Amino acid sequence: MAKVEIRSESCKSCQYCVKFCPKGVLAVGDKVNAKGYEYVVPVKMDACIGCSICARMCPDAAIEVYK
Amino acid sequence: MEKVYSRTTGIREDMVNGFCPGCMHSTIIKLIGEVLDEMDIMDKAVGVLGIGCCGLHMEYMTYDNTTAPHGRACAVATGIKRANPDSLVYTYQGDGDFASIGLGESVSAANRGENITVIFVNNGIYGMTGGQMAPTTLFGMKASTAPKGRIAEEHGYPMHMCEILNQLTAPAYLERTSCNTPANVMKTKKAIRKAFENQLNGKGFSMVEIISNCPTNWGVEPLDSLTFIEEKMLPEYPLGVIRDK
Amino acid sequence: MARVFMKGCEAIAEAAVRAGCRFFAGYPITPQNEIPEYFARRMPEVGGIFVQGESEVASINMVYGAGSTGTRSMTSSSSCGISLKSEGISYCASARIPMVFANISRGGPGVGSIHPAQQDYLQATKASGNGGFEMLVFAPSTVQEAIDMTYNAFEYAQRDRNPVLILCDGVIGTMMEPVKLPEMKTDEEVAAFKEGNKEWACIGHGKDVKRSWIEPGHWRGQEDANIEAAAMYETWDKDVQVEEYLVEDAQIVIAAYGISARVAKSAIDILRKEGIKVGLIRPITVHPFPYHSFEKLDYSRVKAILDVEMSIPAQLIYDVKLGVNNRCPIETCLRSGGQIMSRDAVLDAVRKLNEK
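Chains as they are written, first to last, in this note's numbering: chain A, 1 to 67; chain B, 1 to 245; chain C, 1 to 356.
It is worth saying that the hints were derived from the structure and are not from the lab. Note that the structure is predicted; figures quoted are calculated from it, not measured. Positions of the beta carbon are idealized from the N, C-alpha and C atoms, including for glycine. Check the hints yourself; a few may be wrong.
Unchecked claim - With a straight-line Cα cutoff of 25 angstroms, these simulated DSS-like cross-link-like pairs (lysine-lysine) come out: (1) C:Lys194 x C:Lys265; (2) C:Lys277 x C:Lys321; (3) A:Lys19 x A:Lys3; (4) A:Lys67 x B:Lys3; (5) B:Lys194 x A:Lys19; (6) B:Lys187 x A:Lys23; (7) B:Lys190 x A:Lys19; (8) B:Lys3 x A:Lys3; (9) A:Lys19 x B:Lys187; (10) A:Lys19 x B:Lys3; (11) A:Lys44 x B:Lys3; (12) C:Lys7 x C:Lys277; (13) B:Lys232 x A:Lys67; (14) C:Lys7 x C:Lys126; (15) B:Lys3 x A:Lys23; (16) A:Lys67 x B:Lys190.
Unchecked claim - A partial selection of chain C residues facing chain B, derived with a Cβ cut-off under 7 angstroms: (17) Gly47; (18) Thr71; (19) Leu84; (20) Glu199; (21) Gly204; (22) Gly206; (23) Ile214; (24) Tyr318.
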């Protein structure tokens with residue numbers, strides 16, 4: 001069991017997390033935040049292994065990881 | 001479940017940083033915060049920020065910092081460190097700041113073996129002022145002041161600061177890293193830690209040159225900037241430890 | 001305390017050390033070389049830091065850094081070197097970093113000459129850098145004054161968290177005179193100065209206490225910062241210092257500062273014996289300027305002002321004009337290009353004026 005928590009207001013949709021997630025947990029969502037970015041959301045949370053690669057790649061420290 | 005990756009305490013909880021999407025300045029300041037957390041030295045840390053996008057950190061950081069005049073961060077850091085040796089003092093400078101206007105201060109501080117750490121962020125372009133040519137701009141890389149890209153006969157060649165400083169006797173540690181892949185992010189963090197440890201151990205001048213990006217002024221999507229780093233920047237600026245003594 | 005025979009530059013350095021200055025960074029330029037040279041020898045004896053910067057630009061920024069830690073810090077240079085420092089000085093003023101610097105001024109403009117001059121008056125008093133900041137500027141006319149001003153400058157810098165300038169011409173900087181040195185601040189006092197600055201000093205506070213944020217740009221509110229600084233400058237009226245010599249019955253009043261004032265004073269003693277009623281107003285602080293000394297003159301008696309300075313074109317004259325406000329003519333007696341004001345030149349100028 002693992003999960004990611006995303007601060008949607010910090011996300012700028014650069015998609016580094018999406019690119020590097022080894023399990024395809026994340027994807028760009030269809031909603032926008034206050035800054036106008038289509039923020040990333042978990043789409044396959046069950047697949048998350050808590051490797052934290054997404055969080056390490058995130059420039060905006062928008063992701064925290066639990067395991 | 002246990003939290004296995006926390007946001008560093010080195011950046012503000014209550015604000016979104018002012019960097020463009022995908023900009024690695026924010027990755028790097030995050031890594032610095034993580035290292036300060038892990039080494040438990042946040043209460044000693046002083047960041048000396050260069051002029052340009054580097055300065056956007058000032059409000060985002062949670063610990064002591066100052067802004068140096070353009071290019072003078074190594075001199076300001078020298079003053080802080082000499083006057084207060086207990087502080088952990090690092091400069092945070094872009095390529096225009098460190099390698100162009102501040103070249104004298106940069107080389108001289110390195111040559112004195114000043115016991116400071118330089119975080120040198122090299123993205124090959126002036127960011128804040130709008131994409132002008134930097135001393136590290138690649139051949140063929142367009143800049144607002146070099147519309148045809150760097151031309152050797154007119155502009156000279158990209159400057160390799162690690163290799164230039166490696167000609168000096170004093171520097172303790174020179175490494176070039178990047179943040180374009182998870183593995184390189186981890187190597188960058190390790191290099192920052194090593195540079196800070198060197199300072200705490202009084203080993204003298206350490207510099208981590210980080211090959212970074214500027215999606216906005218490169219005119220590419222953030223994801224494409226990662227490819228650009230891999231394909232264009234890294235062949236010109238090979239990663240690795242250049243000096244470790 | 002016994003008197004010692006000291007050169008102006010060295011006396012300035014020793015006064016700074018005695019005031020608790022523990023960081024100095026400088027760069028060679030004539031005629032101020034004896035200041036960094038003295039600090040290089042002296043700082044290790046008192047546990048202070050001397051750094052020879054790679055340039056004037058680096059030196060002022062080292063002082064900006066050291067001053068940011070709350071350490072009493074100083075730099076010095078001469079004229080064109082001060083121009084190079086001007087960006088850093090402006091940063092110190094904007095970020096409200098206390099520090100002291102001395103300009104042992106030489107000829108100008110440009111590289112000028114290495115000989116003494118007073119060509120930097122407007123730069124020193126009106127714009128030592130971009131952005132319209134102000135500083136207390138002291139102009140000594142003896143080595144003793146240079147000592148006392150430097151010693152006190154650190155208190156003013158600390159009081160206001162602002163740079164203070166000692167505007168010292170190359171004559172005072174390079175001449176030797178018998179002087180009395182002020183008391184040496186104890187190690188405990190020096191440590192207490194730094195401790196007292198701890199709250200704002202950029203030394204590392206950590207995330208749990210109010211961090212130090214040295215702001216040369218005030219991105220959170222430049223206008224507020226400027227309003228605050230302007231209010232501080234307004235308090236400086238009380239700091240104005242001026243010497244008025246034989247002004248009470250004077251029909252001709254000389255306006256001069258620094259070495260020119262000293263030369264003029266010696267001329268006045270001769271002219272008085274000739275029966276010429278001449279006096280002197282000598283700004284000791286050239287900023288803030290003692291306008292009041294000129295405003296309060298009885299212009300039914302005063303026939304003319306003679307502006308005496310080692311600058312062509314005249315610069316002090318602009319402030320004198322503001323004080324005189326067209327109530328009498330202002331003549332000049334000027335030298336430049338490293339030529340020292342001579343007593344004969346002042347004597348001639350006053351005699352001519354007296355015959356008019």
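Cross-check of the supplied hints:
1. Between the alpha carbons of Lys194 (chain C) and Lys265 (chain C) the distance comes to roughly 41 angstroms, so the proposed pair goes past 25 angstroms and is violated.
2. For the proposed pair Lys277 (chain C) and Lys321 (chain C), the alpha carbon gap of about 21 angstroms is at most 25 angstroms, so the pair holds.
3. In summary, the hint linking Lys19 (chain A) to Lys3 (chain A) is supported, as the alpha carbons are separated by about 17 angstroms, within the 25 angstroms threshold.
4. As the CA atoms of Lys67 (chain A) and Lys3 (chain B) are separated by approximately 6 angstroms, the hinted pair is consistent with the 25 angstroms bound.
5. Distance restraint check for Lys194 (chain B) and Lys19 (chain A): the Cα-Cα separation of roughly 29 angstroms exceeds the 25 angstroms cut-off, and the hinted pair is therefore not satisfied.
6. Our distance criterion of 25 angstroms between C-alpha atoms is met by Lys187 (chain B) and Lys23 (chain A), whose separation comes to about 23 angstroms.
7. With a CA separation close to 23 angstroms, the supplied pair Lys190 (chain B) and Lys19 (chain A) stays within the 25 angstroms bound.
8. A threshold of 25 angstroms between alpha carbons decides the hint, and for Lys3 (chain B) with Lys3 (chain A) the separation of about 9 angstroms falls inside it, so the pair holds.
9. For a cut-off of 25 angstroms, the pair hint linking Lys19 (chain A) to Lys187 (chain B) stands: about 19 angstroms separates their Cα positions.
10. Note on Lys19 (chain A) and Lys3 (chain B): the hinted pairing holds, with a Cα-Cα distance of about 23 angstroms set against a maximum of 25 angstroms.
11. Under the criterion of a C-alpha separation no larger than 25 angstroms, the hint pairing Lys44 (chain A) with Lys3 (chain B) is consistent with the structure, at around 19 angstroms.
12. At most 25 angstroms may separate the alpha-carbon atoms for a hinted pair to count; Lys7 (chain C) and Lys277 (chain C) exceed this at roughly 34 angstroms.
13. Using a Cα cut-off of 25 angstroms, the hinted pair Lys232 (chain B) and Lys67 (chain A) is violated, with the two alpha carbons roughly 37 angstroms apart.
14. Restraint check: the Cα-Cα separation between Lys7 (chain C) and Lys126 (chain C) comes to about 29 angstroms, which exceeds 25 angstroms; the hinted pair is violated.
15. Distance hint between Lys3 (chain B) and Lys23 (chain A) is fulfilled; the C-alpha atoms sit about 19 angstroms from each other, no more than 25 angstroms.
16. About 23 angstroms separates the Cα atoms of Lys67 (chain A) and Lys190 (chain B), which keeps this hinted pair within 25 angstroms; it holds.
17. Annotation: Gly47 (chain C) was flagged as interfacial toward chain B, and the flag is violated, the nearest CB pair being 12 angstroms apart, outside 7 angstroms.
18. Against a cut-off of 7 angstroms between C-beta atoms, the interface hint on Thr71 (chain C) holds, since the closest Cβ of chain B lies about 4 angstroms away.
19. Checking Leu84 (chain C) against chain B: minimum C-beta separation of about 12 angstroms lies over 7 angstroms; hint violated.
20. Interface restraint check for Glu199 (chain C): the shortest CB-CB distance to chain B comes to about 12 angstroms, outside 7 angstroms, so the restraint is violated.
21. Nearest Cβ of chain B to the Cβ of Gly204 (chain C): about 4 angstroms, under the 7 angstroms cut. The hint holds.
22. About 3 angstroms separates the beta-carbon of Gly206 (chain C) from the nearest beta-carbon of chain B, less than 7 angstroms, and the hint is met.
23. Hint status for Ile214 (chain C) relative to chain B: holds, with the closest Cβ pair at about 4 angstroms, below 7 angstroms.
24. Evaluation of the Tyr318 (chain C) hint against chain B yields a violated restraint, the C-beta minimum of about 29 angstroms exceeding 7 angstroms.
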